[in-house]
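Student: Protein chains in written order, with UniProt numbering: chain A, 1 to 350; chain B, 1 to 339.
Be a bit skeptical, because a hint or two may be false.
Unchecked claim - Mimicking EDC-like on lysine to aspartate or glutamate, the simulated pairs with C-alpha atoms at most 20 angstroms apart in a straight line are: (1) B/K192 / B/E232; (2) B/K125 / A/D126; (3) B/K171 / B/E261; (4) B/K125 / A/D187; (5) B/K326 / B/D310; (6) B/K233 / B/E272; (7) B/K171 / B/E232; (8) B/K278 / B/E261; (9) B/K124 / A/D196; (10) B/K48 / B/D310; (11) B/K326 / B/E272; (12) B/K44 / B/E73; (13) B/K105 / A/D196; (14) B/K278 / B/E207; (15) B/K124 / A/D187.
Since the hints were derived computationally from the structure, they do not count as laboratory data.
It should be emphasised that the depicted structure is a prediction, and the values quoted were computed from it without experimental measurement.
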Amino acid sequence: MPPSATDRGFEALPGVALPDPAADPEAWLAGGVKNLAGLRSAGSFLLVLAVLAVFAAWVPAFLGTANLGLILAQSSVLGILGLGLTLVLITGGTDVVAGGIDLSLAGTLGLSAAVFAGLNQAGVGDAACVAAALGTGLAVGLVNAVAVLRLRIPPLLATLASMNICAGLELVITENTTISAASPLIDGLGGTGPLDVPVLGYLLLAVAFLFAASLRLTPLGPRAYAVGAHPEAARAAGLSMSRYRAGSYLASGLSGGLAGIASVAFLNSATGGSADMLLPVVATAFLGVVFSRRLVPTVTGTLLAALFVGSLTNGFQLLHVSTYWVNGIEGALILAVVGATAASAKGHAA
Amino acid sequence: MSDTRAHPSRRTLMQMGAALGAASLVQGTARAGEAAPAAGADEKLSLKGKTIAISVAGTDHFFDLKAYQAQVETVKELGGTPIGLDAGRSDKALVSQLQTLVTQKPDAVIQTLGTLTVVDPWLKKLRQAGIPVFSVDLPSTNVINTATSDNFSLGAQLALQLVSDINGRGKIVVFNGFAGVPVCEIRYTELKTVLKYYPEASIVQPELRDVIPNTVQDAYGQITALLSKYPEKGSIAAIWSAWDIPQLGATQALIAAGRTEIRTYGVDGTPEVLALVKDPNAPAGAVAAQQPAAIGRTAVLNVARYLNGDRSLPSQTFLPAIIANKANAAEVQRQLGQA
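The shape of chain B in the complex, shown without the other chains:
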């Protein structure tokens, strides 16, 4: 997998290479950086004299914060000026900051996450104002390129890991609170697709809603309440969430209730969750570990390529993600520099 053609900092490059190497060891791995843009020591990208707006829905989670910090750092590294805009999970602040960018006319805008219906009209206005718009984890027809994990394959792989762990049968509790966030929707759709072929596995209705903020406490509370509704061991097989902060709360609730026969599944690779996956006694079954810093960096490199005249960027640049399970979690931790 040496043809990854990834391009991040030396450190993350090493991490990514390692992650890819390990990926081949894990069954059902993510496909490596498909359409990852070419980069390397010989490519001299610069953002000198360019102002790049880095707008993010919030920075209160591991993924968001790492992706955001990497974008700011990479813009500075390439000689550009970053405008850091953190909406603090307020949609009103997010829309306002995108609106103001139309006046501000930066050389490019990178939007990280957000609810598509809220954000998209303003991405469109920015595009119409002639400002190149890029995104992280937010596929939209109004962006030139989105840097993201391949959520289709990681969603399918996480679902496959889940059904394999529960032997294809049992009740699955699902947190599905962010259907408006495209990457979450993709992961959920993949879960449903996989479950279609396992008729003995079913999703518990109604589905649970994960919330922001207080995600961990809320998931803990919801799962604790649910366990008292399903008091018999084995009545619930697994808990799935589209990201891993609800998984964190759910896992803690299972430990507290002594229901560690139930396995939890999520996406991101937040260090606390990866540690729980590694812990043989914790009920965290698996987490799809993403590389937020590499994703953020890639977005900025793509902006630099575009501003330097490259018009061949694909609509999505996929960064490899890896399923960390009980067997390989320690290895993944090491590869991601979390050990």
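So that you can see chain A by itself, here it is in the shape it has in the complex:
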């Protein structure tokens, strides 16, 4: 298919032949994933819309503002982490092995949450807790930056190692127990804002807006994309590659710290199991690639991906479908996305 047609193309609509979801959800999903891989950007949008339409048709409450707000809030931790990873992918390149990657994000989340809740339990005020949690994130980002750019360890290995450091330190702080946290900030973040939308939902939107604005409205954006996708051109233009890449790891660490605070607000405590977020975070950032017209990582793409994954969990529950489904679907989506990106890269090379 000529790229001009598919990239813009709502003419691809007849191609999205979705079987009746009521008949066999499995075949319907399999078909959807196939379409997602084949039709790339436009197709993926249509697929998402189709899935949402099915949820809305079956369960009218799905589109209620309260439920949409819930999806936003339930996606907030994942979304903020995914946005952090997106910055690393933009400046490091999306090659899964050689490109930029930050596997330590889930660990950073757990460690920052533990730092926040631990200090909160010790009677430390909100401002200091926030500073400590964000500082923890920044420190992890710094370690990653040094490991990748100074020590020249491949990002995949370097961030995997820092993930383990985070997990270890988290255990030291929590002794593997749940640390509950209560404070005006936690109550506020865990509460509900205007339009029945939880405050965490607004936090996610605010972070996405901030990231999108700094990438679109300042020279940072084009330069970061140049460093990631066209390193030779960027170098020729006199851009400091390592400064941009180091910056992306610091920003990513900061996102991990912020996600830690959001997680404490969501759970009213710091609990173990943050390592489970690793795969969903990577999935979200790569899935976000499919939502961009040029198949590159973008803030909006990642935001949409996080919300899509969140609405799957929410929608399937509303449809009375077992929670077990969602895990499988997530894995299938990564395959489809990485497959589509790989295929497009091959196409460019040929």
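Start from chain A and add chain B according to the hints.
Tutor: Same frame as chain A, now just chain B:
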């Protein structure tokens, strides 16, 4: 003990009756189904047209899985629609699924286990949204009724069995990783209460933390490491854990290290552990065997009673548990249908 007024399926009813019968044989038995709601062939409970959400913290252990399956089956049996929600031991998934239930508005929610501080705010929101909330093994002010073993008495009895086995003296290693889970906390508190009166028995500090997942391997590793710190036979008298999966790992570690003079104690009655208690050569001292399936079933029956207008439910419905020790383990196995 024919006045148990228990009400489960014919099979579990028979098992329970048998368990109760045996309970009277065992010294210091659990008190039978105190406040167990009335039931029987004449009571026609129905959940026809009702949707019941069955939210569980995870189903990776014997107790959770049996309690969960029994709830789903009983809802179906009574003509209702179960919504099965397994958080897979992820607190984030657990909170999300409870949040979504506020939108979903089922006719009732049954929450099985979970860390109280994490779960309770959302049980409260469900209650405020007018959805009746019940629980299994999770006492909370936000639930109408919790179906559970009487953890106060089983905790005390397990502790008494322990001190009796070690003649009231020696060092006790304790796994205390789930203080936020109320039933574990109750059992631990009962252990401390009993030990207060046995000054020659003491808990080894620091206490150990049991973990999920990899509970067995982790407990095995921790006990193996601890044994090298206490290499002399008799330097440790017993190992206690608030449930029996750490006990399983600890028992295996003792066998591997040849330190079978140390006895292990736990709660649940997971078949592998009960078999180790029965084995005269294994160092598993005792396990408080619960009836997870009967507990799960009771929770659903209580929901059905409530939805049919019964407003007299007690805040807790206790199902009998029984201490299985070296002397009666085979009998308990048979009664629980594990033989």
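Student: Determine for every hint whether it applies to the structure shown.
Tutor: Evaluation of the provided hints:
Restraint check: the Cα-Cα separation between B/K192 and B/E232 comes to about 25 angstroms, which exceeds 20 angstroms; the hinted pair is violated. Our distance criterion of 20 angstroms between C-alpha atoms is broken by B/K125 and A/D126, whose separation comes to about 25 angstroms. Annotation: proposed proximity of B/K171 to B/E261 holds, straight-line Cα distance about 13 angstroms (limit 20 angstroms). For the hint pairing B/K125 with A/D187, the CA-to-CA distance comes to about 14 angstroms; that is within 20 angstroms, so the pair holds.
Under the criterion of a C-alpha separation no larger than 20 angstroms, the hint pairing B/K326 with B/D310 is inconsistent with the structure, at around 42 angstroms. Taken as a hint, the B/K233 and B/E272 pair is broken in the structure, with Cα atoms around 26 angstroms apart against an allowance of 20 angstroms. The hinted pair formed by B/K171 and B/E232 meets the criterion: a straight-line CA distance of about 12 angstroms does not exceed 20 angstroms. With a C-alpha separation of about 16 angstroms, the suggested pairing of B/K278 with B/E261 holds against the 20 angstroms cut-off.
Between B/K124 and A/D196, the direct Cα distance comes to roughly 17 angstroms. Compliance with the 20 angstroms bound is thereby established for this hinted pair. Of the pairs offered as hints, the one joining B/K48 and B/D310 holds, with about 16 angstroms between alpha carbons and a cut-off of 20 angstroms not exceeded. Proposed proximity of B/K326 and B/E272 is supported: the alpha carbons are some 14 angstroms apart, at most 20 angstroms. A hinted pair counts as satisfied when its Cα atoms are at most 20 angstroms apart, and B/K44 with B/E73 qualifies at roughly 17 angstroms.
Between B/K105 and A/D196, the direct Cα distance comes to roughly 17 angstroms. Compliance with the 20 angstroms bound is thereby established for this hinted pair. Only pairs whose Cα atoms come within 20 angstroms are accepted, and B/K278 paired with B/E207 is rejected, the gap being roughly 27 angstroms. Our distance criterion of 20 angstroms between C-alpha atoms is met by B/K124 and A/D187, whose separation comes to about 15 angstroms.
Checked against the numbered hints above, the structure violates hints 1, 2, 5, 6 and 14; every other hint is satisfied.
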